Structures are given as structure tokens and as C-alpha cells.
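Engineer: Chains as they are written, first to last, in this note's numbering: chain V, 1 to 218; chain C, 1 to 218.
Read the hints as simulated data drawn from the structure, not as lab findings. All values reported here derive from a predicted model rather than from experimental measurement. Take these hints with a grain of salt, some might be off.
Copies of the same chain look alike in the list, so a pair counts if it works inside one copy or between any two.
Computed cross-link-like contacts, DSSO-like style, restricted to lysine-lysine with a CA-CA straight-line distance of at most 27 Å [claimed, not checked]:
(1) Lys138 with Lys154
(2) Lys86 with Lys150
(3) Lys150 with Lys138
(4) Lys150 with Lys85
(5) Lys138 with Lys115
(6) Lys189 with Lys41
(7) Lys85 with Lys138
(8) Lys150 with Lys74
(9) Lys162 with Lys194
(10) Lys116 with Lys175
(11) Lys138 with Lys116
(12) Lys169 with Lys47
(13) Lys194 with Lys74
(14) Lys74 with Lys40
(15) Lys175 with Lys206
2 protein chains.
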Amino acid sequence: MDKAVILLSGGLDSAVTLYIAKSQGLSLKALIFDYHQRHKKEIECAKRIAIINGINYRVAAIDLNWAHSSLIDKNIPTPVNRNLKKNNIPVTYVSGRNIIFLSYAVSYAESIGAKKIFIGAHVQDYSGYPDCRPQFLKSFQRAANLGVAKTGIKIIAPLINKSKKEIIKTGLSLKVPFEYTWSCYGGGKTPCLKCDSCRFRMQAFKELGLIDPLLKKL
Amino acid sequence: MDKAVILLSGGLDSAVTLYIAKSQGLSLKALIFDYHQRHKKEIECAKRIAIINGINYRVAAIDLNWAHSSLIDKNIPTPVNRNLKKNNIPVTYVSGRNIIFLSYAVSYAESIGAKKIFIGAHVQDYSGYPDCRPQFLKSFQRAANLGVAKTGIKIIAPLINKSKKEIIKTGLSLKVPFEYTWSCYGGGKTPCLKCDSCRFRMQAFKELGLIDPLLKKL
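Please take these sequences and the hints and turn them into a complete structure.
Structural biologist: Set out below in C-alpha cells:
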């Protein structure tokens, strides 16, 4: 079985990505990041998704305390009911986050002999995050392969052109346990339902005429 | 004063790079990495070089325990008296090291509004390390600028085409205190003088008809 590394955040997108990768018969290893995010709950969700699937995981602790982001700095409030149509970069942006995550993934992949790295990045949900764009991912793949000894590493973002609704539909067909995924940025025990991340998720389930399994569980 | 980030390892190259950047009148912030390297002494040297120059530094702890490298894994002996002419990648190679270091630097630079990142990478000394090559650095710069919100970040490697001898000459002209730099991979209290890193350094000082100030101090 070919090995692959999956970046697992505990969110809905990376969970669906994991099930897609799994359906391709790959032997997966998960990388989870503790970057002191306010929404620590997603780390527990990521671990659970890995465990449910019998996938080994590593939690890499990284310190980005210089980043002015509401995901890290408790003095910056999580934006609620933000105008999602405005294409500006919200304070939830963590500078260089995917650049760093992918760098670790490249190191890990090369070390274990994996040629594929899966990431749940996609266009609709990036909220203006530049490090979720396909042109970044392609360019990073090129750079990474110039920086490693064993080349041929591919960065695969199977959701890149999917809407949140399509991602959930894909996940349903693959029996993704959405009740064990976490999207809220707020840092609370229950989803705030007001931050960008909650609203993207809510809207997509609503469009599909479904109740979010996570909310059912509460 | 324009801000710049410098990757400071505690070695000779990054120290010279720091003095070059300083001579350009930049306001420098140093990033030092504790990646559980066997040669921890270099971290103390890096801090000292920063302090001597009144430069703020941050030490980022990163865990790369999956990498099969003699710099991290004490079960892998540091190669001594290796044939330096052979162009194979030695066991001192740490997969993805500069990719990760530069990723942190990009995040830090964007967060503090710095547009320049200095790295001491150079061609002669890379011992076959792919992440020290100019084509990697260029490609990484391109990728990084696609992954950040505030673009225009430059990765500057002023030593890239210099030999070790030329680097030391440059450092001498800038009054780099070489006695506070550390190159040995061995992890001992004094340089082993047998590992690749010691030998490159010794040979360069010898070619210049000088005694390494670090050895004078011992």
C-alpha cells in the first residue's frame, strides 16, 4: 500500500479529505497541529477521526505567537456576522499557517517514504486566505520538490473546486461522521453559529435540507 | 529603518549573514530554531550573537523526530572523515529543515511587516542538501508570496555563491566574532574536528593562514 500524509485539522473539510484518500486505498499517516488555536476542540476531533479510522497520527506543537490572529490571540475577538461577500482578509487569518503545515508534511512525507500529501483546502471556504489558493499549492509543491532529496511529492487537494455543500455531499457518500468534526472558531464548548466558519457550515447543511449531525449531538 | 528577519543558527554562515544585513542598515529580528539538534551548543551561540548585536530573537521549538538524521537521532553516529567529494546526501541531512525554517520566517516577517528574510545558505557548504540550493530558494520565495496576504517578501542569501574561505574573509572585514560561532555536528563540548562541518571550517581558516578564533578560545 502506498503511503500518504494527511493534514488533519478536526474540521469538516479535512475529515472528508481523509475519507477520500482512504477510499483510494492509501496507507495514511495524519499530522495534527497544535498552534495554540483558541478552538482547541478541533484537535480532539482530529484525533478522534484518526482513531476511528485506525490511522496513526502525530500532533506537532508550533508556536506562532507573533501572528495577529483572532484564532490565537484572545485579545482579538472572533468576528461574528461578518459580511462574507467582502473579499478582504479577516482577522482569523494566521500568517503562513498552511505554508508551515505543508512544510512539516513535506518533511514527514519524505522521511516515511510517502509521495502524496492530502490537504482539505478549497476555494469557497478560504475566506480570503491566500494559502488555500490552488496557485499557492501548485507553487509550493514545485518549491518543496526542489528542497528535498527524494522528489516526486504531490500535494493533493481533492476539495479545491468544491463548494461546502458539495463537500458535505461527498462526505455523506463516504459515511464521514460529521458529528465528530469541529468548525467553530469561537473557542466555546458549543458552536457559536455566528463566526464565518459556523456560518459556512450551517448554510451548506441547510441548502442540503439536513440538520448538522454535530448540532443533533449537542 | 526597514525590518528584516534573519535565520540564525549559531554557525559561522548565519553570523556573517547577520553582519551583512546589519551593514545594510536594517532593523533585524532573529529566528533561532531548537529542533532537538544534537549540537545544542549552536543555539547558545546564536543567542549570544543576537545579544552582542542588540537584536531581539525568538527561539522556535520544532519537533522533527521523524527525520532519520544524525543531527537529531543519537543512534545515528555523526559521520567522520567522510569523502567530501562524493556528491551523495549525508546522514546529517534533516528532511525539510530549511523549508520549515523559511516557512516560520515568512509567517514572522509578514506579521511584523518585514519584507526581507536573510538566510546563510550557500552553495559550497551544502554537502548535498537540496534545501540550500539557489533554485530552491527562488522557488520557495515565489510560493511564499502566493501564500501570504502582504506580498513582496524577498529571501536573501548573500553568501549563496561564496566559498567558505570567502565567507570568512567577508566576516573578518565586518568584525564577526567567530569565537562565538559553532559549526561542529558532534554534540560535544569542543569541536570534534572530524565531521563535515568542522572540516569545511578548518580547511577555510587554514587556506587563509589563520587560526580559528574558536579554537584559540578553547
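Engineer: Identify every previously stated hint that the structure contradicts and give their numbers, smallest first.
Structural biologist: Those not satisfied: there are none.
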